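K.L.:
Fit chain B to the given chain A structure using the hints.
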Amino acid sequence: MSLLSLEHVSVAYDNRLILEDFNLSLQKGQLLSLLGPSGCGKTTTLRLIAGFLNAEAGNFMFSGKDYTKVPVEKRNFGFVFQSYALFPHLSVFDNVAFGLRLRKLKEAEVKKRVNRMLETVSLGGFEKRLPGALSGGQRQRVAIARALVIEPDLLLFDEPLSNLDANLRVNMRVEIRRIQQELGITTVYVSHDQEECFSISDQVAVMNNGKIEQLDHPANIFKYPASEFVARFIGFGNFIAFDGRNDEGADIELSRGELKFQAAKRPGGEGNTGLLGAIRPDDLQLLGAGADMGTGTEGNALTGKVQVSTYLGRSYQYQVETELGVFTVNQEMEQPFIQGQQVTVYFPKEKLVLVQ
Amino acid sequence: MLSLYTLLVFIFLLGPLVIISITSFEPGTVLKFPPEGFSLKWYKNIFEVSAFMETFRTSIVISLLGNLLALLLGVPAAYALSRYRFHGRDTLNAVFLSPVLIPGIVLGFTLLRYLIVVYNLPIVAGLLIGHTVIMLPFIIRVIASSLENFDFAVEEAAQSLGATRVYTFFKVVLPNIRSGILAAILIAFLESFNNVDISVFMTGPGISTLPIQMLTYVQNYFDPTIAAISVILMVLTAALMFIIERLMGFAYFTKR
Numbered sequence: 164m165s166l167l168s169l170e171h172v173s174v175a176y177d178n179r180l181i182l183e184d185f186n187l188s189l190q191k192g193q194l195l196s197l198l199g200p201s202g203c204g205k206t207t208t209l210r211l212i213a214g215f216l217n218a219e220a221g222n223f224m225f226s227g228k229d230y231t232k233v234p235v236e237k238r239n240f241g242f243v244f245q246s247y248a249l250f251p252h253l254s255v256f257d258n259v260a261f262g263l264r265l266r267k268l269k270e271a272e273v274k275k276r277v278n279r280m281l282e283t284v285s286l287g288g289f290e291k292r293l294p295g296a297l298s299g300g301q302r303q304r305v306a307i308a309r310a311l312v313i314e315p316d317l318l319l320f321d322e323p324l325s326n327l328d329a330n331l332r333v334n335m336r337v338e339i340r341r342i343q344q345e346l347g348i349t350t351v352y353v354s355h356d357q358e359e360c361f362s363i364s365d366q367v368a369v370m371n372n373g374k375i376e377q378l379d380h381p382a383n384i385f386k387y388p389a390s391e392f393v394a395r396f397i398g399f400g401n402f403i404a405f406d407g408r409n410d411e412g413a414d415i416e417l418s419r420g421e422l423k424f425q426a427a428k429r430p431g432g433e434g435n436t437g438l439l440g441a442i443r444p445d446d447l448q449l450l451g452a453g454a455d456m457g458t459g460t461e462g463n464a465l466t467g468k469v470q471v472s473t474y475l476g477r478s479y480q481y482q483v484e485t486e487l488g489v490f491t492v493n494q495e496m497e498q499p500f501i502q503g504q505q506v507t508v509y510f511p512k513e514k515l516v517l518v519q
Numbered sequence: 004m005l006s007l008y009t010l011l012v013f014i015f016l017l018g019p020l021v022i023i024s025i026t027s028f029e030p031g032t033v034l035k036f037p038p039e040g041f042s043l044k045w046y047k048n049i050f051e052v053s054a055f056m057e058t059f060r061t062s063i064v065i066s067l068l069g070n071l072l073a074l075l076l077g078v079p080a081a082y083a084l085s086r087y088r089f090h091g092r093d094t095l096n097a098v099f100l101s102p103v104l105i106p107g108i109v110l111g112f113t114l115l116r117y118l119i120v121v122y123n124l125p126i127v128a129g130l131l132i133g134h135t136v137i138m139l140p141f142i143i144r145v146i147a148s149s150l151e152n153f154d155f156a157v158e159e160a161a162q163s164l165g166a167t168r169v170y171t172f173f174k175v176v177l178p179n180i181r182s183g184i185l186a187a188i189l190i191a192f193l194e195s196f197n198n199v200d201i202s203v204f205m206t207g208p209g210i211s212t213l214p215i216q217m218l219t220y221v222q223n224y225f226d227p228t229i230a231a232i233s234v235i236l237m238v239l240t241a242a243l244m245f246i247i248e249r250l251m252g253f254a255y256f257t258k259r
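Protein chains in written order, with the working numbering: chain A, 164 to 519; chain B, 4 to 259.
Honestly, the hints are just simulated from the structure, not real lab data.
Since the model is a prediction, treat every value here as computed from it, not as a measurement.
Note that beta-carbon positions come from the ideal geometry of N, C-alpha and C, so glycine has one too.
Treat the hints loosely; a few may be bogus.
Stretches of chain A that chain B covers, calculated by requiring three or more beta carbons in the stretch to come under 8 angstroms of a beta carbon on chain B [what the hints assert, rightly or not]: (1) 245-253; (2) 257-268; (3) 303-317.
SDA-like mimics (lysine to any residue), calculated; alpha carbons at most 20 angstroms apart, straight line [what the hints assert, rightly or not]: (4) B:Lys-174 - A:Leu-253; (5) A:Lys-228 - A:Leu-286; (6) A:Lys-274 - A:Gly-288; (7) A:Lys-267 - B:Thr-171; (8) B:Lys-174 - A:Arg-266; (9) A:Lys-237 - B:Glu-158; (10) A:Lys-237 - B:Gly-91; (11) A:Lys-514 - A:Val-471.
Just chain B, same shape as in the assembly:
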């Protein structure tokens, strides 16, 4: 009985993905299930529509650059939050995590209102800042959780042996949270790469990300190209999640 229930849940969760995957091989021009044949032509089409290639490149660049910025801000923040007990620590913790708690639409609109409208930033800069903001909480949270298993007496040991604080951070602390940092980068990358709600506000004429381009495409065409892209993104995501799981396990998702 219980296994039947589990099976139904699985069908409910995975069914649409399976159907999308199958329909992506449809040879006709309209998305339908079951498909009437087998063809890779819509996969080929992805690479022929220049908008997809361009926005894919934009997405990658924004995600990687944003990731770098979020790391530069997030690693010191995570370190300070884990290492020290100071006044206002809990508040700061909440502030750093707030982008996860605030609905994306609200955050997106706010960023648009201030960065673009008030400060008149170029679109790329606004997009980059927006993505950095949504990646930051993931970076901080994952790295802080890997620092939680780190005994800071180890840091003191290094100092007592003659190491400066900076040397200790790079030679002792960083090597021990390496897998946490890698996992943080991958998770943040996924979060940014798949993001729609912030990007939809921050993209503009000539500059868009892949998910926004997909959205635009679906509004105009109903061919299986979108299904094909979806399959590619699913495979990419699954591969990254596999690596994350290998690095850290999924335990930190449920922690605190």
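Same shape as in the complex, but just chain A:
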């Protein structure tokens, strides 16, 4: 049974529906990320779970109880804000102790728990500092400690790392995952950064326009996006709209007019029924015109002309114009293709996925 579930929830803001008939559930101990562009409803979903927003319709169930009408302060959920939201007038110690003191714990117990939590987030020795005297990373750690020390039933993160610089972001997300797994605490994490979400989550929900487009293990989403939106969002830069499809053979046979393509079936079956082919720029291969393509590559190739070539550092990126439009190809190569050169774009069948 799931610990948390949103059932047919609708949320409106300024008479505009942000979420409509929205459903979501989460198992105990898991970390679920809500991923999507700004305005997709991910923060709204998080704030609804936290209790900062009220639903117009639908229910929020938590551990078997109806939490729809339970006010924020009675939910016992930890919330970590993008802006950290530390109490500026209180020391690090008092910030972390805030929730414990509200729970009327003995001061000795408060002291013990706060100190243990500050050790957990590697902030021992910072007790007396005011938030203003801390760096961004330290502030975020205080915010996490403050949310965790109350032993919340659920931990919520709202873009917690987006105000930090790139290196710190990577360190902090490892830290967040470590603490989350150590304490086995169920977590909902909102971000617009796919790498961040994929690296720390058990489940990722990719959202668009107030709907979940795909909810799955990160590796599955990365390999097999379910929709065109998800594919685009996670970097499938090339698309081919096919007009025929045959699933009877070992591979899926696809056609576009006279052109034939093949796509490998997914292991375990139950692929997608869509007609739109998607492939990442990294997975396309570029060959000189007339090069020997070896066996088994009948079809799955297009001839074209290099329009633009740019240097990315690790590889070159080419825009190749073909009869099916322009394709983006990333390729490491000693001798790059030059602008105007005739080339063949090859689509490995294992990498070509079909989306709705």
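P.N.:
Only chain B this time, still in chain A's reference frame:
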């Protein structure tokens, strides 16, 4: 050239104050510059004229009570205006600030016309209401500007940790705008204590404020007592402004 210009502006602004200060030490009975000696007798005179002491007390009481009323109205108003985006917010903002925009004479006359003439309120009550009205915009504006630097996510953080809205307001919001509230109180106090245009309509037989009493006094006497009072008020004002500057800086005067 520019520094000369600056110097002239300073002389123009501060000159009269310097001259008043110097003449307050005049030993004679007529205000003149330069003074013919040095004496503190007109300072002593302030405390001997009972009208000054009485109106000083009235001024203080009205300013403090009015301040309290303006805070009770102004803090929630400033909070609502900063915290929420709601329909009619801009209009409400304009209404709350209108006493600064309307000439004092007009406001004073209007208050007289309605509070005293129509509703027949006692003079003290009318005076108190008038002063509350002129203090309110300053209270709202200064507190709203200090709330502008307050991240309301902090409030939500407190709630998520188990605090009620009321607890959050007193334990989290108020401590963070404390200096703003203090500055608001001092600025409003100065505004009320020095006010002439509203008071002149709202004072009456037996009840007056210090500035109105000074005005009345000058109409009858021309001795240096007024200069002496002016010096004392200047020192008081300067001290308060110094504290305000220390609390908040003057930045909010130029903001928005």
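K.L.:
Compare the structure with each hint and give your call.
P.N.:
Do the hints match the structure? See the list:
1. Check result for the region 245-253 of chain A against chain B: holds, 7 residues qualifying (beta carbon to beta carbon below 8 angstroms, three or more required).
2. Restraint check on the region 257-268 of chain A versus chain B: 4 residues with Cβ-Cβ distances below 8 angstroms, three needed, restraint holds.
3. A count of 4 residues in the region 303-317 of chain A with a Cβ less than 8 angstroms from any Cβ of chain B is obtained; the coverage claim is therefore met, three being the minimum.
4. With a CA separation close to 10 angstroms, the supplied pair Lys-174 (chain B) and Leu-253 (chain A) stays within the 20 angstroms bound.
5. With a C-alpha separation of about 36 angstroms, the suggested pair Lys-228 (chain A) and Leu-286 (chain A) falls outside the 20 angstroms cut-off, and the hint is violated.
6. Distance restraint check for Lys-274 (chain A) and Gly-288 (chain A): the Cα-Cα separation of roughly 13 angstroms lies within the 20 angstroms cut-off, and the hinted pair is therefore satisfied.
7. Of the supplied pair hints, the one linking Lys-267 (chain A) and Thr-171 (chain B) holds, its CA atoms being roughly 16 angstroms apart against a limit of 20 angstroms.
8. Of the supplied pair hints, the one linking Lys-174 (chain B) and Arg-266 (chain A) holds, its CA atoms being roughly 15 angstroms apart against a limit of 20 angstroms.
9. Distance hint between Lys-237 (chain A) and Glu-158 (chain B) is fulfilled; the C-alpha atoms sit about 15 angstroms from each other, no more than 20 angstroms.
10. Under the criterion of a C-alpha separation no larger than 20 angstroms, the hint pairing Lys-237 (chain A) with Gly-91 (chain B) is inconsistent with the structure, at around 33 angstroms.
11. Our distance criterion of 20 angstroms between C-alpha atoms is broken by Lys-514 (chain A) and Val-471 (chain A), whose separation comes to about 24 angstroms.
Hint check: violations occur at hints 5, 10, 11; the rest are consistent with the structure.
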